[in-house]
Amino acid sequence: MSMTEQEILAGLGEIIDEVAGVPADQVTPEKTFVDDLDIDSLSMVEIAVAAQDKFGVEIPDDQLKDLKTVQDVVDYVRRASVSA
Amino acid sequence: MGTDRTEVVVTGLGAITPLGADVTSTWDGLLAGRSGVRKLTDDWASELPARIAAWAAVDPATLLDRVQARRLDRCEQFAIIAAREAWAHAGAPEVDPERLGVVVSSGIGGVASTLAAYDTLREKGWQRLSPFTVPMLMPNGSAGWISIELGAQAGVHTTVSACSSGAEAIGYGMDMIRSGRADIVLAGGTEAAIIELNIAAFAAMRALSTRNDEPERASRPFDKGRDGFVLGEGAGMVVLESAEHAARRGATVHAVAAGVGYSADAHHIAQPEPDGSGAILAIRRVLADAGVAADQVVHVNAHATSTPAGDEVEARAIATALGPAVSGVVLSATKSMTGHLLGGAGAVESVAAILALRERVAPPTINLDDPADDIGVDIATEPRELRPRGKAPMAVLNNSFGFGGSNVALAFTAA
Numbered sequence: 245m246s247m248t249e250q251e252i253l254a255g256l257g258e259i260i261d262e263v264a265g266v267p268a269d270q271v272t273p274e275k276t277f278v279d280d281l282d283i284d285s286l287s288m289v290e291i292a293v294a295a296q297d298k299f300g301v302e303i304p305d306d307q308l309k310d311l312k313t314v315q316d317v318v319d320y321v322r323r324a325s326v327s328a
Numbered sequence: 174m175g176t177d178r179t180e181v182v183v184t185g186l187g188a189i190t191p192l193g194a195d196v197t198s199t200w201d202g203l204l205a206g207r208s209g210v211r212k213l214t215d216d217w218a219s220e221l222p223a224r225i226a227a228w229a230a231v232d233p234a235t236l237l238d239r240v241q242a243r244r245l246d247r248c249e250q251f252a253i254i255a256a257r258e259a260w261a262h263a264g265a266p267e268v269d270p271e272r273l274g275v276v277v278s279s280g281i282g283g284v285a286s287t288l289a290a291y292d293t294l295r296e297k298g299w300q301r302l303s304p305f306t307v308p309m310l311m312p313n314g315s316a317g318w319i320s321i322e323l324g325a326q327a328g329v330h331t332t333v334s335a336c337s338s339g340a341e342a343i344g345y346g347m348d349m350i351r352s353g354r355a356d357i358v359l360a361g362g363t364e365a366a367i368i369e370l371n372i373a374a375f376a377a378m379r380a381l382s383t384r385n386d387e388p389e390r391a392s393r394p395f396d397k398g399r400d401g402f403v404l405g406e407g408a409g410m411v412v413l414e415s416a417e418h419a420a421r422r423g424a425t426v427h428a429v430a431a432g433v434g435y436s437a438d439a440h441h442i443a444q445p446e447p448d449g450s451g452a453i454l455a456i457r458r459v460l461a462d463a464g465v466a467a468d469q470v471v472h473v474n475a476h477a478t479s480t481p482a483g484d485e486v487e488a489r490a491i492a493t494a495l496g497p498a499v500s501g502v503v504l505s506a507t508k509s510m511t512g513h514l515l516g517g518a519g520a521v522e523s524v525a526a527i528l529a530l531r532e533r534v535a536p537p538t539i540n541l542d543d544p545a546d547d548i549g550v551d552i553a554t555e556p557r558e559l560r561p562r563g564k565a566p567m568a569v570l571n572n573s574f575g576f577g578g579s580n581v582a583l584a585f586t587a588a
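Top to bottom, those sequences are chains A and B. Heads up, the final residue of the first sequence is numbered 328 in this note's numbering, and it's a clean run with no missing numbers. Heads up, the final residue of the second sequence is numbered 588 in this note's numbering, and it's a clean run with no missing numbers.
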């Protein structure tokens, strides 16, 4: 079952709020995790773990390091969930 | 006391205990003789021989930022809460970061997080483990988080010695200041170990009270009917500061942290030496280190956990170490109310001893209905006024003993 971009963005917003305390309304597509949202590498791992639970999509470490913006994660989850 | 040695004073106190979420409510509970022990109603406790414990009065996660709370083991949550209180109580001093140290210990560390992580590992695989698992289970996690929060760069230490961990942390903190490594040290101990494995493991040692139908009466140090300790949880913290630094900033001094005495039983991994020689040595050493005469001591907060073996050995050790002067000393066993906070015990009881000194009142020992015979010490069963015994400042002691044979005695004198 594929999710819309809006659904993924909303789900990601919930995860980031839970993991890092960043309000969901600040989690907009163009934001970078490190510079804009102040999310460190351990928290990125937490987000990846939570994304696996929420979206059923595994994000391997070698992919995770390339996901710099919120849009990057949304795109990755969309592609992976379509192919799954 | 040697005139050339750096004097250390206490300028801040913090606590979260079964009696209250801060120092004031804990102290009020102690003076009121209130028990923090309750029945364990969780399903996991139903098959255990001991089904009582003393939880913290408030869930620590509710006192912290949500995101921070989920990255901390419960023992780290207690530690941060008590540390913040102590730091604020000290007036949030301005200090050179390289002259500010942290010594915070735990007997067991993040054992609940360890077990939860193991369940996740078995059920879902390693990929689902929180990346904060290691910082949650490591015993020095609390010290690390506190040093980050305060920006303390003089050193971050964790002195692990089972049930004397908290007292040892305070002793180590005093030594950091005396040796010139720091001007201020935040020191204390924390524990959050009321879980199935710990209760089962202590029960396997036959160390716990099984007075399950009378939780408030289960912890009864020095009483003939005592049958073991009651597991408690929480944290205690003190801000230690060189007297010179405290005077320079006009800080309120609650007590002088006058000395520490260490010894090892070298006898048995979990039982006290029957003649108490290890405890006697620690008490004699703390008097020597503090430059305190036995007849200055007005009060001892005893380790007294309510186990059949330990309490009488300690009472005899105190009587022997203090000699005839013990007749003017009032003992309190505050574990009768808080239960046994393991690595947090020595720190919470130091806070209690310092308050007893400052407020000139020894808290009661509850449940002492039928004292053990020939105990040789005067145990307060009601709040008791403390008065100087001569011209020298009043002194109080806090004993803490840990599995592994560790003995730590701390001395505080009137400011």
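Think of the hints as simulated: they come from the structure by calculation, not from any bench. Built from N, CA and C at the ideal position, the CB exists for glycine as well. Some hints here could point you the wrong way.
Claimed, not checked - Taking lysine-lysine and the DSSO-like style, the derived pairs with C-alpha atoms no more than 27 Å apart in a straight line are:
no., chain 1, residue 1, chain 2, residue 2
1, B, Lys297, A, Lys298
2, B, Lys397, B, Lys212
3, A, Lys309, B, Lys397
4, A, Lys309, A, Lys298
5, A, Lys275, A, Lys309
6, A, Lys298, A, Lys275
Stated by the list, open to error - Label pairs and their computed distance ranges (CB to CB):
no., chain 1, residue 1, chain 2, residue 2, range
7, B, Ala461, A, Ser285, 24 to 32 Å
8, A, Asp319, B, Arg301, 39 to 47 Å
9, A, Gln250, B, Ala234, 43 to 51 Å
Said to hold, decoys possible - Stretch by stretch, here's where chain B covers chain A in the computed footprint (C-beta under 8 Å, at least three residues):
no., region
10, 249-259
11, 263-273
ask   = Okay, which hints does this one fail, numbers in order?
value = Hint check: 3, 7, 8, 9 and 10 fail, others pass.
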